[in-house]
Amino acid sequence: MILERKKKWFIVDAHQHIQIGSYLYASSLEKPELGYEQLISREAERFKKWFEKHGVSYGAVSNISSMVDRVWRTKHGGNEAVAELIKLLNGKIVGQYVPNVYEPPDVVKEKIEESVKVYGFRGIKLHPWISAFPLNHSITYPVFDVAAKYKIPVLSHSARSEFCTPILFADIAMLYPEVPIIMGHMGKQHLHYDVIPAMRLAENIYVETSGSKIQILLERIVKEFGADRVLFGTDGPHDLLPAYVARIEDLNISEEDKEWILGKTAAKLFNLAAP
Amino acid sequence: MCRLKSGEKPFILDAHTHVGATYLTCYFTDKRWTVEDLIREMDRCGVDMACVSGGGLPHEIKQMNKQVLEAITRFSDRLIGFVRLNPKFSDVLEELDYYIRDKGFRGIKLHPNQDGYCLLKEPVLNLILERAAKYRVPVLIHSGTEPWTVAGQFSDLAETFPDVTIIMAHSGLRNDKNVLESARRVENIILETSIGGVTPPRILGKDRVVFGSDWPTTSMRSELQEVFDLWDSGHLSDEEALDVLGLSMARILKINPRRVT
Numbered sequence: 000m001i002l003e004r005k006k007k008w009f010i011v012d013a014h015q016h017i018q019i020g021s022y023l024y025a026s027s028l029e030k031p032e033l034g035y036e037q038l039i040s041r042e043a044e045r046f047k048k049w050f051e052k053h054g055v056s057y058g059a060v061s062n063i064s065s066m067v068d069r070v071w072r073t074k075h076g077g078n079e080a081v082a083e084l085i086k087l088l089n090g091k092i093v094g095q096y097v098p099n100v101y102e103p104p105d106v107v108k109e110k111i112e113e114s115v116k117v118y119g120f121r122g123i124k125l126h127p128w129i130s131a132f133p134l135n136h137s138i139t140y141p142v143f144d145v146a147a148k149y150k151i152p153v154l155s156h157s158a159r160s161e162f163c164t165p166i167l168f169a170d171i172a173m174l175y176p177e178v179p180i181i182m183g184h185m186g187k188q189h190l191h192y193d194v195i196p197a198m199r200l201a202e203n204i205y206v207e208t209s210g211s212k213i214q215i216l217l218e219r220i221v222k223e224f225g226a227d228r229v230l231f232g233t234d235g236p237h238d239l240l241p242a243y244v245a246r247i248e249d250l251n252i253s254e255e256d257k258e259w260i261l262g263k264t265a266a267k268l269f270n271l272a273a274p
Numbered sequence: 000m001c002r003l004k005s006g007e008k009p010f011i012l013d014a015h016t017h018v019g020a021t022y023l024t025c026y027f028t029d030k031r032w033t034v035e036d037l038i039r040e041m042d043r044c045g046v047d048m049a050c051v052s053g054g055g056l057p058h059e060i061k062q063m064n065k066q067v068l069e070a071i072t073r074f075s076d077r078l079i080g081f082v083r084l085n086p087k088f089s090d091v092l093e094e095l096d097y098y099i100r101d102k103g104f105r106g107i108k109l110h111p112n113q114d115g116y117c118l119l120k121e122p123v124l125n126l127i128l129e130r131a132a133k134y135r136v137p138v139l140i141h142s143g144t145e146p147w148t149v150a151g152q153f154s155d156l157a158e159t160f161p162d163v164t165i166i167m168a169h170s171g172l173r174n175d176k177n178v179l180e181s182a183r184r185v186e187n188i189i190l191e192t193s194i195g196g197v198t199p200p201r202i203l204g205k206d207r208v209v210f211g212s213d214w215p216t217t218s219m220r221s222e223l224q225e226v227f228d229l230w231d232s233g234h235l236s237d238e239e240a241l242d243v244l245g246l247s248m249a250r251i252l253k254i255n256p257r258r259v260t
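Line by line, the protein sequences give chains W and R. Heads up, the first sequence is in numbering that gives the first Met the number 0, so the first residue is 0 and it goes up one at a time. Heads up, the second sequence is in numbering that gives the first Met the number 0, so the first residue is 0 and it goes up one at a time.
It is possible that some hints are incorrect.
What the hints assert, rightly or not - Heads up, incomplete: computed chain W residues facing chain R, CB under 8 Å, no partners named: (1) K6; (2) I213; (3) G235; (4) D238; (5) D249.
Stated by the list, open to error - Derived BS3-like pairs: lysine-lysine, alpha-carbon spacing no greater than 25 Å straight-line: (6) R:K102 - R:K120; (7) R:K61 - R:K120; (8) W:K267 - W:K148; (9) R:K65 - R:K253; (10) R:K8 - W:K6; (11) W:K222 - R:K30.
It should be emphasised that the hints constitute simulated quantities derived from the structure, not laboratory data. Everything numeric in this text was worked out from a predicted model, so none of it was measured. All C-beta atoms, glycine included, are put in the ideal place defined by N, C-alpha and C.
Construct all of the structure, not just a fragment, from the sequences and the given hints.
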């Protein structure tokens, strides 16, 4: 049951997560019922069905487990599961590597480089709120150094945490002007007045739409900065994709701008084939 | 538009809409939305009825309420008036009596965050809640914004006024992690879905979750689609979906659920 949806869009979901390993709010005492291989298969099947059901072309995926664990249990702390998904889903997955910023700087750099060169990751995901570091802290510099070297985007959670307010995005974005920095959730419903001023400070700040529902804010951003600074995301995959697309369809902007938000901006940033 | 197996369209009542502007639009734009805009949006989305209050800048409250009175007078079969009250105004109780007792408004809208008071520290609020109990009208209150209006304060207030139905607008705005725990403490807190998302009613009990959009802050169609998406995917049963979409709010307001779209 979809209300008045008439157009088939080219959709890239710029913000997705797999659920293997540690999870927010889950107890570490809970043991998964499935083995690792079975979990990978389950997630691959879940993503595959979701892409088919909703007509989504690509998804940018990271593993929450890598953000939750302060001390990783494997070399890449759960990013290996995303690497498996990249292999299994035939080009539809844009891997987002989650570094452990608490490891020594050289190790952080080495692991990100390996993720790009060996496993085919195309972006980096940071979650300052869950992982507990300010986005502009020097602890993140090794991450942005590698992002600058390989010209890959960095997606970070933003919202009501002192670790990831929009002004911190502006600060790090000005320090690394060659790195596209994507403001996940665009401040949600609490830091909405900070988003536009932050974007004014740095042309390399982009916003991702999941979690924010204020239509006028997104219309203002498109008007001032252009739709090629906005990426569609769900923070899923989940069953609310039609509702999230409807929100973009209902914006008072041009059809071409909607095309950029729903897919073309992400395709450009991640070098993806687009129709 | 979705229909039931019988071919009928479900009854849809949006528990949270505005004319004028909203708290989340009025600092971004001078645009003001008319009642014609609201009715057009309801028709487009298949929304039969809506609870409407004024929205905009804090000093516009009295004008907001007049505008809502005009709106519900013109569209009495579609719109249900909620009076926006600010306890810091000296004539707030007279406003309450005038609109609820004399003009047929069926609810009260409060916005502690925009009007700058705390849900538990504002003495006049107690007088407003006492009259809400006297008139048997629900009170829709903005939620999810610290320090003025968070979930624990809702349940404390609801315990103090067990005869008042308190509707938590936005279900905590996806920010407040204590919404469910607080709502479980009492029976007279209702979760409204706009922005915060749809809690399956089985978690709290029948008639504890109502659909709202907070239009024009959000896309009414998108907020409504979230209910349909959860219904389609089996997260809501038929009964739960129909309750959330409108039947629960109709029972809370004690009105006949009339399909008009």
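Hint check results:
| no. | hint | verdict |
| --- | --- | --- |
| 1 | K6 | violated (14 Å) |
| 2 | I213 | holds (5 Å) |
| 3 | G235 | violated (11 Å) |
| 4 | D238 | holds (4 Å) |
| 5 | D249 | holds (4 Å) |
| 6 | R:K102 - R:K120 | violated (30 Å) |
| 7 | R:K61 - R:K120 | holds (24 Å) |
| 8 | W:K267 - W:K148 | holds (18 Å) |
| 9 | R:K65 - R:K253 | holds (24 Å) |
| 10 | R:K8 - W:K6 | holds (23 Å) |
| 11 | W:K222 - R:K30 | holds (15 Å) |
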